[in-house]
Structures are given as structure tokens and as C-alpha cells.
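**Student:** First to last, the protein sequences are chains A, B, C and D.
Numbered according to our numbering, the first sequence spans residues 1 to 365.
Numbered according to our numbering, the second sequence spans residues 1001 to 1365.
Numbered according to our numbering, the third sequence spans residues 2001 to 2365.
Numbered according to our numbering, the fourth sequence spans residues 3001 to 3365.
Hints are computed from structural coordinates only; laboratory data are not their basis.
Here a beta-carbon is modelled for each residue, glycine too, at the ideal position from N, C-alpha and C.
Take these hints with a grain of salt, some might be off.
To be verified - Pairs of lysine-lysine, DSS-like flavour, derived with a Cα cap of 27 Å: (1) Lys2354(C) / Lys2003(C); (2) Lys3354(D) / Lys3134(D); (3) Lys1003(B) / Lys1354(B); (4) Lys3134(D) / Lys2252(C); (5) Lys3134(D) / Lys3005(D); (6) Lys2134(C) / Lys2354(C); (7) Lys3254(D) / Lys2252(C); (8) Lys354(A) / Lys5(A); (9) Lys252(A) / Lys1252(B); (10) Lys2254(C) / Lys3043(D); (11) Lys3354(D) / Lys3005(D); (12) Lys1005(B) / Lys1354(B); (13) Lys5(A) / Lys254(A); (14) Lys1043(B) / Lys1005(B); (15) Lys3043(D) / Lys3005(D); (16) Lys254(A) / Lys1252(B); (17) Lys2005(C) / Lys2043(C); (18) Lys252(A) / Lys1254(B).
Stated by the list, open to error - Take a look, some chain D residues computed to stay more than 10 Å from chain A by CB distance: (19) Pro3058; (20) Ser3179; (21) Phe3251.
To be verified - Far from chain B by the CB rule (all over 12 Å, computed), these chain C residues: (22) Lys2003; (23) Ala2059; (24) Asp2113; (25) Ser2179; (26) Gly2182; (27) Leu2257; (28) Ala2263; (29) Lys2296; (30) Arg2313.
Read off the chains here:
There are 4 protein chains.
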Amino acid sequence: MNKIKVGVLGATGAVGQRFAQLLTDHPYFDLVVLAASERSAGKSYQEATHWILPEPMPAHLAEMTVEAMTTDLDCQLLFSALPTESAREWESQYAAAGYGVFSNAGAHRMDSDVPLLIPEVNPDHLGLLAHQQKNRGWERGFVVTNPNCTSIPMTMALAPLHPLFGVETVIATSMQAVSGAGYPGVPSLDVIDNIIPFVAESEEIKMNQEPNKMLGRLTGGQVEPAGMNISAHCNRVPVSDGHLVTVSVSFKEKPSLGDIMEAWQTWRPLPQQMALPSAPQPPLVIRAEPNRPQPKLDRNSGAGMATSVGRLRPCEVLDVRFVALAHNTIRGAAGGSVLNAELMYAQGTLNGFKARAAKAAPNGK
Amino acid sequence: MNKIKVGVLGATGAVGQRFAQLLTDHPYFDLVVLAASERSAGKSYQEATHWILPEPMPAHLAEMTVEAMTTDLDCQLLFSALPTESAREWESQYAAAGYGVFSNAGAHRMDSDVPLLIPEVNPDHLGLLAHQQKNRGWERGFVVTNPNCTSIPMTMALAPLHPLFGVETVIATSMQAVSGAGYPGVPSLDVIDNIIPFVAESEEIKMNQEPNKMLGRLTGGQVEPAGMNISAHCNRVPVSDGHLVTVSVSFKEKPSLGDIMEAWQTWRPLPQQMALPSAPQPPLVIRAEPNRPQPKLDRNSGAGMATSVGRLRPCEVLDVRFVALAHNTIRGAAGGSVLNAELMYAQGTLNGFKARAAKAAPNGK
Amino acid sequence: MNKIKVGVLGATGAVGQRFAQLLTDHPYFDLVVLAASERSAGKSYQEATHWILPEPMPAHLAEMTVEAMTTDLDCQLLFSALPTESAREWESQYAAAGYGVFSNAGAHRMDSDVPLLIPEVNPDHLGLLAHQQKNRGWERGFVVTNPNCTSIPMTMALAPLHPLFGVETVIATSMQAVSGAGYPGVPSLDVIDNIIPFVAESEEIKMNQEPNKMLGRLTGGQVEPAGMNISAHCNRVPVSDGHLVTVSVSFKEKPSLGDIMEAWQTWRPLPQQMALPSAPQPPLVIRAEPNRPQPKLDRNSGAGMATSVGRLRPCEVLDVRFVALAHNTIRGAAGGSVLNAELMYAQGTLNGFKARAAKAAPNGK
Amino acid sequence: MNKIKVGVLGATGAVGQRFAQLLTDHPYFDLVVLAASERSAGKSYQEATHWILPEPMPAHLAEMTVEAMTTDLDCQLLFSALPTESAREWESQYAAAGYGVFSNAGAHRMDSDVPLLIPEVNPDHLGLLAHQQKNRGWERGFVVTNPNCTSIPMTMALAPLHPLFGVETVIATSMQAVSGAGYPGVPSLDVIDNIIPFVAESEEIKMNQEPNKMLGRLTGGQVEPAGMNISAHCNRVPVSDGHLVTVSVSFKEKPSLGDIMEAWQTWRPLPQQMALPSAPQPPLVIRAEPNRPQPKLDRNSGAGMATSVGRLRPCEVLDVRFVALAHNTIRGAAGGSVLNAELMYAQGTLNGFKARAAKAAPNGK
């Protein structure tokens, strides 16, 4: 009843599968389109997809026909799991054609008029959309992005601290799950009994840029970066899901460990206040055990949407250090974009799409 | 010909097995004693030992009888693979009884009159032994220790840099192999598809203290610590052997990346000059690939005695960052102690033991 | 309302934790006792337990006090996760004291008057209980066991076939998860990048004896073994949960592959007909893909209670071969015993315990 | 001196790298050609190759230029690591052009005039070469193949038994390392914490056909298959190297376990008698421990060329059962072909190539 029709772009890949799974039986959205490359178009989703999630493929998806990527898709919103190059080509076409695009791709994250959104962190950055539509001459369509999977746990942990204490510098080392590389992704010969101290040329750059944009201030139609100095060492580890990050931080104000703990414990950001369907309660799970969080035990916390933190203690070099963890293909990818869409839906920003749904597809059809 | 008779304490455990393996057919030492707890004493080494090394147990060891730990062992030097508590109890007894003890245990590493030795790094710290023997009233016996397995790769990488550029601060994150916990050690249920962001309460403290002692200056019979601020995040990963460490460093002098690379490339410390049997040539293997060193590919470099470094690049927060790796049970444990003994042998410091060997065991027997 | 009070013996171990988890908020049973060895008694369950399940410890369990093992436990039924020796000592004491004991231990499985029960396979074997109580002079108490975790997938797959086609011989090779060895169980050094072609001396014997007992006929107060010749090769593999078994079988009647497939598909045994709370619907999940079932993808099928089968094809030596999989700590251990108890509850056999619950604990207190 | 010039086809792939490694500094052969697809041709071997072996790339190979696949390669023998399709296209072209081809590919293994050779097992099958050359009109060139990596451990274990006791039926379950699938091969997402009960459609067929050909009798220019009924269950496991196989066997003559053990212990086939450079001494390593052989501990036995067997015991269904293991990319691939070539060299069959080497390349150049 009054759900908005949505589709997934790149629906057969690893992140596309998560989108399809998370949008099944969603209270706000009705998943009616699964789009992918020419190679898959025309096949049933079951045929076209090498399903890699431990939970079985939802039955009604199996029979849906995968569609080719055209701007005639019969839905209003699109969740994009496209690879970067393809996202660069298609996402603005879809926005221009009137679709709302929620993208997990890196293509537009750092565009100055595109919100890089974590609903708990910078919901006000949606204010960029008015500028985006004006800049690009888009009437209804838009692009909203979610951050890189490795930026998530660190940014979630810093979000309640930055406004209070002013984060100055961060040195972080990530231990990233293989699912972050998609499928087939990392060859097993490379990670059995091994660690690869490298993820991608751009990964460590994203870890510096993205948190600065997200924790930055929207002012005069622009996001002023937060000015944190972030140095990231990114590593691939033999773990299926869940990115773990060790973090050392210095602050302008010198908070005590107690101050930080309190800021974490009392953090109750917008999505939790609004009780959005995918918002984990609480957003940060604080582990008291000396050896947590761990990927296997904590990645599914809050249905994979919570960030777990632990081991808060003083740092000999900067001020404090801790460990943070989030599920990289749920909170760090598809689930993040779904939460972005839920926020806009609950705020009424998508009402125009609801109305149109009753009448016609984009492009007036 | 003129080999010194040696024994291994704690010979049946994980590190004890490595000692036994590395001392087999050694040009300086003749392995004649395998000692362990009461439980093992009297059995053949094969019976008493759950051999965990991939290479088969050397045939002549298999038939040797494990001896109980008494101060009547028929050898001059002892390599100690004892657990900390047991090391605290036994090592000084053995030294008092006239044995030279090369210990991998943590018990005496930070004692002010005990050398914490890496032959490439601080061979002059052997000067502490005169004070040690005087302080403790030991005539011939002594205790020399090697550092914690995780301190090794970082200290080896910093050793050629510190004298030239003055290391000020270090933030390091270790990804440590399960063999570092001995046998049975880490339960498989804890590390399959998982990372544990914790090793032991003391591990991160050792990572701060030990490099400071090793890179410190021996002056007036004391080691003045190097004064580096080191913050370590220690993690256990599903890797069998090889500790990987990501390192961010700041220096007093601000060396360029080229300066650092040159210092690494031209480093030719004492054990390499003396061509000690276990000294890897070169001591530091500099990997040019963007994704190296890796535990599986690089841990056996230099027969497990070399340290591999790579990914040297600027750090956004401190000055530079890089990755370092060493084999934790060879270079980081048994092999380290064997090299310590080789240094003393080649410098002639053990000549007294050679002479005595012809005549009698310690205790005048 | 009219739930029966139950307890767990050996509650802090790996299987004990599963019992505690599965009995939380159970419709028939009220978990009020967590008992374990002296070492744990008196502590809160949280303190006493190294919780190893990926799902968090249920909150109300955390605060419960672990009790010592006495025959004064304030409950009517006991689920036993005791090790074999301890089970041998305690289980009959508890039964003698009036408790109903559902045991996962191997101690009494092959006793001629003890049901070795899979509710889908041999519910009529509960008829042994009358003999058991008479033989042993027990009034109300009893012992019912569930089979070894590795016997489960094979027996579930053969159960619908044996009555129709007469299984004659079976050659099976198991690939068993490390959780089958409990905690700490298998050292990680033994299984990273490795397979161990051995589980325990008794494991392959159990694989022969247990299915023969379960598929045997109850007649005259005795179970006549099924007379199948079963040869099992048991292996430990680096998988956390889920035992996979390759099976080659010969039959008296020579069924076609279609006959077998039909027998599997139409199998609807008692627990499914009765819709017992833990009974998976369907009991056998038949995978059509050429590379399924797989532990990671299929172990949680039916909340870990279903058995998955696949790759049915002719065998060059015996008649047919296939692959079967079940979750070893759910269906193959704690969940199996819980289903046993559910069957007896739903059949009314436990009504006496309900009545007593209102009045007093066993021993008349 | 008097080495024969050799090349590797498909030199950049996983098996190609092993060939390059094993042929470096070989006493009989001089590795002078590294050939691969157009994509790699013209690059240095270092540039063209994603080197995946734990041992570093031999220095002199790094600088060699990869050549395109033409019949103008300046060498006499070729070791083929080509994929099946490519092998089908190229290997007979090379043989027709006068090269001796030692192939690891499956393309020609079952051709009736092509030896499928294990030097320890069926050296007399080289007698097929005369027929091969006659049939195909080849003057000097020939194709000799080595078996599938999974056939090796089973066939080596059966080879000394079949002539004495007559193998009738075999049921085998393989647990195959991921390196058997080449590189990139098996995605890590598929095998972390998992087993895949499927390798390839053809794998189980090869396990039936190849041992029957190898243990068959050469008579009248034909190999009469051994007539064994072999049923194989093939599985992929999270192990880097080393294929483990559980084997149940029945024999015509009913040997005791002692008879089998003696046959294994006293087996001293031709390559060991001739002391060929790559022949392991002994060919079968018999492990007495109850839990061996294991991939991690035993795959490198005999420099990766030995087959390890263990757990010999009675089988409840067939006669006996045991476990066998061999390194799949050394003995099961490149090393197998190198040993094939060594046999022919040592028997003098390659003398013609030596002579020609001094004068000219094939094709008269």
C-alpha cells in the first residue's frame, strides 16, 4: 500500500544480490526490476545469478526476468550495484530520466553536489540534492551515494565524537573481508594461510577523503571537509564478511576515555529516533570483552547494520585507540543505500515518486 | 670438531621443536640434550613430542631420550623454549650452575643486566654480560634473550633508520600467526573465518618496551632506552606462520623516502659481515611489488631469518609508513636465539665452554 | 503455562551452549537450570562461559547462576552435554533420581535398553523406555540419546530408502567441521591449510553401529540391527560448522535414481506431521545444483535442523552415490536432543513431569 | 653438457610456473624457451607472470622474454601446461613439427596411441610411441602425457598391489587443494569455511579411466585397460596444495594387511632403481601415525614427488581401506611430466634430440 516501485542495477553481482535480498518484503519499497548487463538480460534471475549468500535466494526473485539496462525500467527508484565505470556511464542517465538513484558505486561519491550519506552521520547533507538537480538540470531524478565499505566502521565510531571533541588525526589499519572484492574477487590461492597488505590503489585514499566529506559541514550548498588527517593501511584477510579496523585518534579537545564512552553510549541519531526499518538499535554496539569485536561473532549485529566497537584504551602516540567493525556487504554496501532511501522516504522527500507510481513510469510511459 | 655441546629446555613444545630442528647438524653446536617437564622425561623424543613442523623430525632426534630438567645436563649451553613462569624458575638456576642460557622466554628480557639481543641491531649489548655475571655472582653462566616475535619485524626495519634519522613515534598494527601462541594454542573455532583483535595483555606493552631497549644505547653498564613512543594494536589472524606489521613512523630528522630506501638497501650489519651460519643475506629483503610482503610468500625468505619490508610510502599523519614481516617461530623465536649464540661463538666469547667441553660437564662432573 | 522445567548438564561447553540457546523461549520447556562442573558452579553463566556461538548469549541466561551437578536440581528434565566419562557417571544417577535425561553423550547410545533416537527415523524405539525403567528399577526417570553428529546426515538420507529398498552396504567419507570436537577442540595450527584424515578411534565405529541401531526394528523389547555393512572414512576439515558426507550405497531391491528421488521428496515423517517446534519442514532439502550441498550455504537450512542432500547419481561400484550434510552442533547434537524431547512431550509421554512440576522437584522436594 | 634444450608451453600459468621452477638448473635439460599466449608474448617473464609459488622466481627466468606459440621455438622438447582446448590445438602441431611433447593437459591422455605415463607404474607404455609416430606420420616428434592430479596418489598406492593381488573395485573420495584449479581458480568466497562437493564434470570420470589405462597391459601396440571398477567422489577443500584421497579397495586375491604393507614397503620401481633426478626415494612414504598423511605435513615429502599413504585398515564393505596423498602441482602435474622426460632421457630414447641440438632447431633451422 503506497510502496514505491524500485529496481536494482547490477542485480546479479555480489552487492546486487544483497540489494535484492534486503529489498524483499520491504515495508516502503516494492522490488519489481532486476537489471543487469546484456549477458544476463532475458534470463530468469535464478539462471542469471551465481547466488553467493548463505541465505537462500528469495523464491519470488528466482522467477523474475532480468532486464537490460535501459531508461525504460518500470520503477521510480534504482539501487545501483554497478561497477565504477558502468556507474559513471549510467547513473546520471538514470537521474536525468527521472529516477532516484541510490548508489553503492564510487563513481560520484566525491562529486561536490552528490551526498555521500550515512543517515546516522550526515542526514543534513541531503540538502545537496536541490543544488544537484539545479546544477544538472534534473527535474525529479537524483543520485545519493553511500560510502566505501571500509570507511563505514571508522566513520560510525568517530561520528558521535567529532562534534564534541574535534577529531584531528587518525591512523587506521583495516583487515578487510574477501567479499569486499565482489565475486569471483580474491582467488583462494592468494588468501588461504595468508594476508595481502594491499587492497586497491584507491582504497587508502577513500579512507582519507570519504570520512572528511561525511563529517564535514554543509554550508552554502557545499560540504566543507572536516579537516581530519587520516592515514589508512588497508589489508585483505581470509575472512568472508566483516571489515575490522584498528584506529588511533587525536582530538582537539582532550576527552577522557569516559567522555568517549559516554558519547558512544548516548548517541541516538536520527534513523534510530525515526525507527527506520533498517536502522540498527543501537547504531553502535559497545563490546566490553577484551577481545571483541570479531568479524565472525559481531558482523551480524543489528542484522548486519550495527557497527561494533571495543578495546577503547589510551594510545601512546595519539590520544586514544580502539577497534571498530561493520558488515561490509550489508552496512558497508547494500544495506547502507537502503537505509539512505528509507530516510528520504520517511522524511517525505520521495512523496513525488509515490504519486507518480500510481500513474506512469518515468519518461511519461 | 670443537663444537660445543648444547641442549634445549622445553624441547617438546612448538618453539622447542624449532630449536631442535635448527640445531641439527649445526656447524658450531652439537645438540646432545633434549630436556622437558617430568611428564616427558624418559620417553624418546618421538614419543614425547607431538611434532608440528612441516619438515619431518630429524631422524637422530627421534631416538634421543628426553631428560628431566636438572642442573646435571651434560652440555654447556642451553636454548630455552620454556614458558615464562618456568623460565623465571629455571633459567637463573642454570646460569648459576655454569650454563650459558639463550632464552626465547619473556621472563628476563627486561632485566637491566640481561641483553635483549638481535645480532644485527645491538651486538654491543652483550657488554651487559660482565655486569650480569658480577651482579648475580655467576662465574661462567649467563642469560641472553631474544625479543618477542612481534617486536622483530618492526625492530629490524627501524634498526638502520634510527641511528640516521632518529625514530620518534611509531603506530603499528600486527597481524600475528597462530603459531605465535604455541601448541595447542589458538582453537580453530576462534580463527576460522575470523580475526581476534587481541593477543595478550602484555603483547602491546612488549611492542613498546622491547624495541626501546634494543635500539637503546649501552652506556656505563646500562641500556638507556631509545625514547621512541610506540603504540601497537595486536591482532591474531588465520595464518599459520609469519607476523605482518603495518607501521607508521615519525623521525627527528625528516628523511625522504629515498633516504629510507637507501638506508635499508645499504644496511650490512655485523652478522652478515661475519657471515654467521644463520645470518640471512641480506637481513632486509625489500619487496618492490605493491602487495608484498605476504606471510605465505615471504615468511621463508632467508630460510625464515630475513625480515621483508615493502609498501614504503608517505604517511598522512606521521612521516612514512610501510609493512614488515618476519617468520615468528624462526627469526622471531628459535632462530633468533641460535643467531645470538652464533654471534658469541664467532666472537670467541664462548671459547671457555669449548675448552671445558673436552673435560667435564658443568658442576665439575 | 504448563511448560516443563528443564536444565542443561555441561552447560558451559560447546554443546551446552547450543542447548541453552535452543531452549531459550521454548514453547514446551522452561530452562531454569544450568549445571556444570565444580569449577563453574556459583559463577554467573556469563562469567563461567566462554561463549562461542555467533549469536549473542540470550540476556536472561547471562545472569543465571551455574549450579553444581547434584541430584537436587530444581527441574524435571535434563539435557546432557556431558563428556562421555562424566555422562557415564552421572546420567543414570539422574535417571535413578527421577529425571528424564536427553543425552547427546556417547555413553549409553548402544545400551540395548536405551533409545538412540531420531524422531523422523525411529520414533517407535521410545518403546524401549518401558524396558529400560523395568531393567534398571527407575520409576519415572529415563535416558534417551541422540546419535553422533556424523551419523545424522547419512542416517537421515537413508531413512526413507531403507524400508523401501533395503540398504545393504554403505561406504562413506565424512568431512567434519571443527566444532564437532568441542571447545577448545582442534588447534588452529592443525587445520589451517590442512585436512586431518582422522577424528577419533571410535568415530568410524559409531558410523557403522549407530545407523544400524536406528534403522533396526524394535521387536520384543529389543532392537534388531538393520544389518547394513557400513565403512566410514572420517576426516576433520577447516570448516567451523556442518558435517558433509559422501555416500555410496547398495540396495537389495535395485531402485532407480527416480525411485530414490521420489522416496526423498515424499518423505513426511512423524515430527513433520506433528509440526513439532524444532522439526524442519521438509526434513530433507534436496539440492538440484551440481555443487551442493555445501557447509557454508546449507548448514543453516531449516534453522540448522534440516539435512541437505544432493549429487544423486549412479555409483560404478555400489548402486548409487550422493552427498549429505547436516549442522553438527544443531541437528547433530543439541537440536537433535531437543527434538527428541519435543516428540515425547507432544505424544504425552512427559505428562507426568508436567504434573509434578506444579508440586515438587524430583526426590520429593 | 649435452643437455637438451627445452621449453614450456603455457609458461605463465600455475602449472607453467612449476615447470619453469623444476626445469631450472636441471641436470638433463636446459630451459631456454618460455612460450605463452599472444597476450604475454614479448614481455619479460617477470612482467608477464603473476608468480604464485612460495619460492621466489628464479632470477635468470625473470629476464627471459616470453615467446608466442609458433612451431619455430628454438628447443627440442616442450613441456605443455596448456589448457585442454589449447592443448588439443597445439600439441599435435608441435609433435608433427618434430618436437617431443610432455603434456600435463587432458587433451590426449586417453588417445589409444598416447602413453599416459607414471614412470614408477607403466614405463613400458612408452612402447606406444612407435605406434603413435607411425599412426600420425610423425618422424621424431611425439606426445607423452601425465595423469590428472587426483589420479596420482591413488594410482601410486595401487600400482604395487595390482600385479600381486588384482584390484577389482575402488571407492575413493578426494579432498582436492585449490591449486588444482589453476590461477585465479577457486574464488576465496567459495572455500573459506566451506567444502565444495564438486570439482568438474569430467573429474570423476578421469578418476575411473586413467588408473585403468595406467595399470593396463600393453599388448600388441594397445593398452588393455586394467578392468578395475572405480567410483570417485571429488571435493574441493580449503587447502592450498596437496590432494588427499580416502580409498576402499577389493582384490581378486585376498591379501592380508601385512601382504599389502609388505608390497608397499618393498616396492622399488624403475625410476628409483635408475636414480632419476626427480625420482623420490622411496616412491611411497608409509606413515605409521594414526592421523597421517596430512596435506600440510606431507605434501612436500620427496620434494613434492613422493606419495604418502597411511591408515591401512580393513574395510567393512570392500577388503581394505587407506588414505593417500600427493602434491598436486608437483607430482600431480609439472613434476610428473619432468620425471617422464627424465625416464626417456636416461633410457636413451631422447638421444636423437641431443644430437640435433648441436646442429639445428626443429624444422631444420
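**Student:** Hint by hint, say whether it matches the structure.
**Tutor:** Hints versus structure:
As the CA atoms of Lys2354(C) and Lys2003(C) are separated by approximately 7 Å, the hinted pair is consistent with the 27 Å bound. Proximity of Lys3354(D) to Lys3134(D) is assessed by CA-CA distance (about 22 Å); at most 27 Å being required, the pair is judged to hold. Proposed proximity of Lys1003(B) and Lys1354(B) is supported: the alpha carbons are some 7 Å apart, at most 27 Å. Annotation: proposed proximity of Lys3134(D) to Lys2252(C) is violated, straight-line Cα distance about 51 Å (limit 27 Å).
This hinted pair checks out: Lys3134(D) and Lys3005(D) have alpha carbons roughly 25 Å apart, not beyond 27 Å. Taking the CA atoms of Lys2134(C) and Lys2354(C), the gap is about 22 Å. The hint holds against a cut of 27 Å. Of the supplied pair hints, the one linking Lys3254(D) and Lys2252(C) holds, its CA atoms being roughly 25 Å apart against a limit of 27 Å. Restraint check for Lys354(A) and Lys5(A): the C-alpha separation of about 8 Å stays at or below 27 Å, so the hint holds.
With a C-alpha separation of about 23 Å, the suggested pair Lys252(A) and Lys1252(B) falls inside the 27 Å cut-off, and the hint holds. Using a Cα cut-off of 27 Å, the hinted pair Lys2254(C) and Lys3043(D) is violated, with the two alpha carbons roughly 60 Å apart. Simply put, Lys3354(D) and Lys3005(D) have alpha-carbon atoms about 8 Å apart, close enough for the 27 Å limit, and the pair holds. Proposed proximity of Lys1005(B) and Lys1354(B) is supported: the alpha carbons are some 8 Å apart, at most 27 Å.
Our distance criterion of 27 Å between C-alpha atoms is broken by Lys5(A) and Lys254(A), whose separation comes to about 48 Å. For the given pair, Lys1043(B) sits about 21 Å from Lys1005(B) by alpha-carbon distance, which is consistent with the 27 Å threshold. With a C-alpha separation of about 21 Å, the suggested pairing of Lys3043(D) with Lys3005(D) holds against the 27 Å cut-off. The hinted pair formed by Lys254(A) and Lys1252(B) meets the criterion: a straight-line CA distance of about 25 Å does not exceed 27 Å.
A C-alpha spacing of about 21 Å is found between Lys2005(C) and Lys2043(C), which places the hinted pair at or below 27 Å, so the restraint holds. At most 27 Å may separate the alpha-carbon atoms for a hinted pair to count; Lys252(A) and Lys1254(B) meet this at roughly 25 Å. Listed as a non-interface residue, Pro3058(D) keeps its Cβ farther than 10 Å from every Cβ of chain A; the least gap is roughly 20 Å. The Cβ of Ser3179(D) does not lie farther than 10 Å from every Cβ of chain A; its closest approach is about 6 Å, which violates its non-interface assignment.
Remark: the non-interface label on Phe3251(D) is consistent with the geometry, its nearest Cβ contact in chain A lying 37 Å away (cut-off 10 Å). Listed as a non-interface residue, Lys2003(C) keeps its Cβ farther than 12 Å from every Cβ of chain B; the least gap is roughly 32 Å. In this structure Ala2059(C) is separated from chain B by more than 12 Å, as the shortest Cβ-Cβ distance comes to about 23 Å. For Asp2113(C), the requirement that its beta carbon stay farther than 12 Å from each beta carbon of chain B is met, with the minimum near 35 Å.
Some Cβ of chain B comes within 12 Å of the Cβ of Ser2179(C); the nearest lies about 6 Å off, and the non-interface call is violated. Against chain B, the non-interface label of Gly2182(C) is violated: not every CB pair exceeds 12 Å, the least being about 9 Å. No beta-carbon of chain B comes within 12 Å of the beta-carbon of Leu2257(C); the shortest separation is about 35 Å. With a least beta-carbon separation of about 36 Å from chain B, Ala2263(C) lies farther than 12 Å from that chain, consistent with its non-interface assignment.
With a minimum CB-CB distance of about 9 Å to chain B, Lys2296(C) fails to clear the 12 Å threshold, and the non-interface call is violated. For Arg2313(C), the non-interface assignment is confirmed: its Cβ lies about 30 Å from the closest Cβ of chain B, beyond the 12 Å cut-off.
The earlier numbered hints that this structure contradicts are 4, 10, 13, 20, 25, 26 and 29.
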